[in-house]
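Enquirer: Could you put the whole structure together from the sequences, leaning on the hints where they help?
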Amino acid sequence: MRRPDWAPETIDIDRPSAARMYDYFLGGSHNFAVDREAAQAMLAAIPETPLIAQANRAFLRRSVHFLVEAGVRQFLDIGSGIPTVGNVHEIAQAIAPESTVAYVDIDPVAVGHSREILAGNDLAVAIQADIRDPDRILDHPEVLKLIDFGQPVALMIVAVLHYVRDEDRPTEIVARLRSALAPGSYLALSQASGEGRTSAEWDQANAVYQRTDRPLHNRGRDEIAHLFDGFALVEPGVVWVPEWRPDSSHAFEEAERAIYIGGVGRLG
Amino acid sequence: MIPDPDAMPYPLATPGYETTAPAVPDAGGGRHPQSPGLAIFARAWAKAVTGTSYLPVTPAQLEEFLEGLTIRLVEALYAEPFSLRRGYQIGAALVGAHIASAEGLGRTIEVIELHLLRDLGLAGDNLRDRMARLLGCVAIGYTRALRDRTLDEQESIRRAAMVAREHAEQALRESEARFRHQATHDPLTDLPNRALFTERLEAVFDRDGASGRRLGVCFVDLDGFKMVNDTLGHHAGDLLLTSVAAKLRRGVGEHLVARMGGDEFVILVEDTTCTDDVLKVADAALAAISEPSIVDGQELHVSASIGIVERPVAGTTPSEVMRAADITLHWAKSSGKSRWELFDPERNEREVTRYALSSAMPAALERGEFCLDYQPLVSLCDGRLLGVEALVRWRHPKLGVLGPDKFIGLAEETGLIVRLGSWVLAEACRQARHWIDLSPKAPFVSVNLAVRQVRGPGLVNEVTSLLREHDLPPGRLQLEITESAMMNGADESVDILRSLADLGVRIAIDDFGTGYSNLSYLRTLPVCELKVAGSFVEGLRAPAAEPASLTDERILATLVSLAHTLNLTVTAEGVETAAQADRLRAIGCDAAQGWHFGSPMPPTHVDALL
Ligand SMILES: C[S@@+](CC[C@H](N)C(=O)[O-])C[C@H]1O[C@@H](n2cnc3c(N)ncnc32)[C@H](O)[C@@H]1O
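Those sequence lines, one after another, are chains A and C. For the first sequence, full-length UniProt numbering assigns the number 268 to the last residue and increments by one with no breaks. For the second sequence, full-length UniProt numbering assigns the number 610 to the last residue and increments by one with no breaks.
Derived from the structure by calculation, the hints contain no laboratory data. Check the hints yourself; a few may be wrong.
[Claimed, not checked] Straight-line C-alpha distance at most 20 Å; calculated EDC-like pairs for lysine to aspartate or glutamate:
1) C:Lys47 / A:Glu116
2) C:Lys247 / C:Glu264
3) C:Lys337 / C:Glu320
4) C:Lys47 / C:Glu67
5) C:Lys337 / C:Asp223
6) C:Lys47 / A:Glu48
7) C:Lys280 / C:Glu270
8) A:Lys145 / A:Asp166
9) C:Lys280 / A:Glu254
10) C:Lys333 / C:Glu351
11) C:Lys337 / C:Glu291
12) C:Lys47 / A:Glu243
13) C:Lys406 / A:Glu243
14) C:Lys280 / C:Glu341
15) C:Lys333 / C:Asp344
Expert: Right, here's the structure in full:
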């Protein structure tokens, strides 16, 4: 049963949180024992998980760089996570200080932490919302305060949609968000693919996330590419994230083991 | 001068860690650090720490940063005197640059130890010793910074969790409050709803149940609200309800006003000292409601009826109170609306009994609980028994024998009167036959007819077949109808009476004198006897000398002579004394009935009279 509108979510920090596990994989300490314990189980399943998370986070960094260079000054970052290191506003505002960022996450603790980090930054906000309810995000007064949908917006949906079930129609969610965007807007998206790993590895990984607040729903490359419908993909298209405009020789050694597939598309 | 590394910005986007390092002392043939060896070493270092944790920079930026740190390492290595602090600062700077993990430290020490001197071609006195001490300090500075960072992050995530939890709890409380409000209030008027009212009423009982305290309840219902809805529409109806709700709330002050649904409201008056306390509230409510309401620009005037209950809390229950209030509301409605009525336990008792009787009656008729008594009708000329009036009785299993005044009205309300009347008629005919068989002096039997029976279609057939069934001469049956029944009677009733008279059945007007006493009207009816109501006869009990008594006697005399003119015989009812009988005889009255001549009696007693 879906929670009725009037009933707020309860905070259950006795349950591993995907957001805090991700922080752990990136090397952060914004996590609790339950998270670390689940993260260890994940490491047992896929030992390179920290490198994979880092590769995804690096994709986020490079895509924000690219988008600022492309002239975008507004960022709607959905599934933004716990602000650890290298957050969208830090990357964007370092290059273009006037850039505005609206962070959206379903995890109330992640949002609480974001608010703390953003205190004093007038150009960034954090709201708690569910990507499965795109209208709420698009109509949210805090979002509208910073994001002018009449101007190009960079829509960031990085490492989020693998927490959204097929029944919740991720393609339609993205399409709905796209419909609010002005021409010249971009979509940067990545998600965990079901490829490049043995099914035993996946079974183990899925079992770990089953215990968390956000079970995994991996998708194939074609399905991920489909999420960009309506956008014109920029080079090099939808690829393993380490292969997306790599900036050094230190790239992930075997890109096809990086699990995350993603890309950037432009709205004509 | 060496800049404080803690104050140095980490090169995030803008490359160019500008080293302000002075020329490194050329200690023992050492080479200047900005040699190609510096870049080689920095690259090796960068490679070693990449992947140990997420670094939010490009590899090029990382190498540049590490080149700067390398210069500081070399400076620290040669500094005179050796400074621990420089080593600490370098360790902290690494953590500040997010190279912040156990692996980050391990690999850093390894790469410095293995490559620094060699790649940069450094040499000098005690260099090995200095290196060991420097690495120790780097490790200390690094670990301290890492621990601080870890603790900070832990603290901030815990705080975020706490704040989030507080938010969630607050939201939960608010939504609970909202939900509770929704669950306990009427959405249209925002008044408390039935649920809340019930809760409050029950709370009064829980609290005051054993005390001497009293409470009052006003059950309010708008008069003619349905009309408003039907003629002006539901929207107007809703506006009216909202307006009335607001007035009520204002009008009755601190007392709880709830909307029970539709146009019903209820006011809870707690802790009353006497009935008057509630009456005042009811008056205020009526006054508030009677103020005109503006609905859709129209001035609407409505009134309301109120049922009031006021009693001690002890000894009653919430549902009893509500039922009593509801009953009383109906009294207020049926006694003309726009008023309050106060609950009257005796009236209620009567109504309850009536209700119980009327619902038990059909089965009682089936079971044969009814029977007939007969009261003699005696000739005033010669004292002969002319006839008997059949009077129905109900032998109630619990209440004993009930007279017709206890149940005929109810039977008329429920319509059972038709079946009961038929039973009486049939039984009386059977009995009449019995007496004919018994004696040549057998009396005629007089049976009361209810209005409904006279209006019903089958009466003539019913009487015809009864006469035939019992081979009863029609003149042995007399049917009594009341004056008022005849006056209100439609033409068809008159036709029915005429048909009955044509059969030869006697028709009598019962209770004459209590209605219009319209003698001229009687002329057109096929009537052969008038029964003068007992109230007239009563006047004759007083001594004949009294003026009032004389007047009654004159009226009766006139009546009798008029009746005789119309060829009607006159029977006086309710004759109780010999004196009355004498005076009636003197007037010329034909027959009489009453205690003086015999009370109603079972048929077997009549047998004895024959
Ligand atoms: C792996 S983190 C990604 C963080 C950041 N975007 C990045 O790529 O570095 C995924 C985040 O998505 C959030 N998330 C999961 N399901 C979500 C949903 N239905 N709506 C919004 N956020 C969601 C989680 O709470 C978590 O913080």
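Enquirer: Please go over all the hints and tell whether each is borne out by the structure.
Expert: Structure-based check of all given hints:
no.	hint	in the structure
1	C:Lys47 / A:Glu116	violated, 34 Å
2	C:Lys247 / C:Glu264	holds, 14 Å
3	C:Lys337 / C:Glu320	violated, 23 Å
4	C:Lys47 / C:Glu67	holds, 13 Å
5	C:Lys337 / C:Asp223	holds, 7 Å
6	C:Lys47 / A:Glu48	holds, 17 Å
7	C:Lys280 / C:Glu270	holds, 13 Å
8	A:Lys145 / A:Asp166	violated, 32 Å
9	C:Lys280 / A:Glu254	violated, 89 Å
10	C:Lys333 / C:Glu351	holds, 16 Å
11	C:Lys337 / C:Glu291	holds, 16 Å
12	C:Lys47 / A:Glu243	holds, 19 Å
13	C:Lys406 / A:Glu243	violated, 102 Å
14	C:Lys280 / C:Glu341	holds, 13 Å
15	C:Lys333 / C:Asp344	holds, 15 Å
The structure fails hints 1, 3, 8, 9, 13 (numbered hints given earlier, in ascending order).
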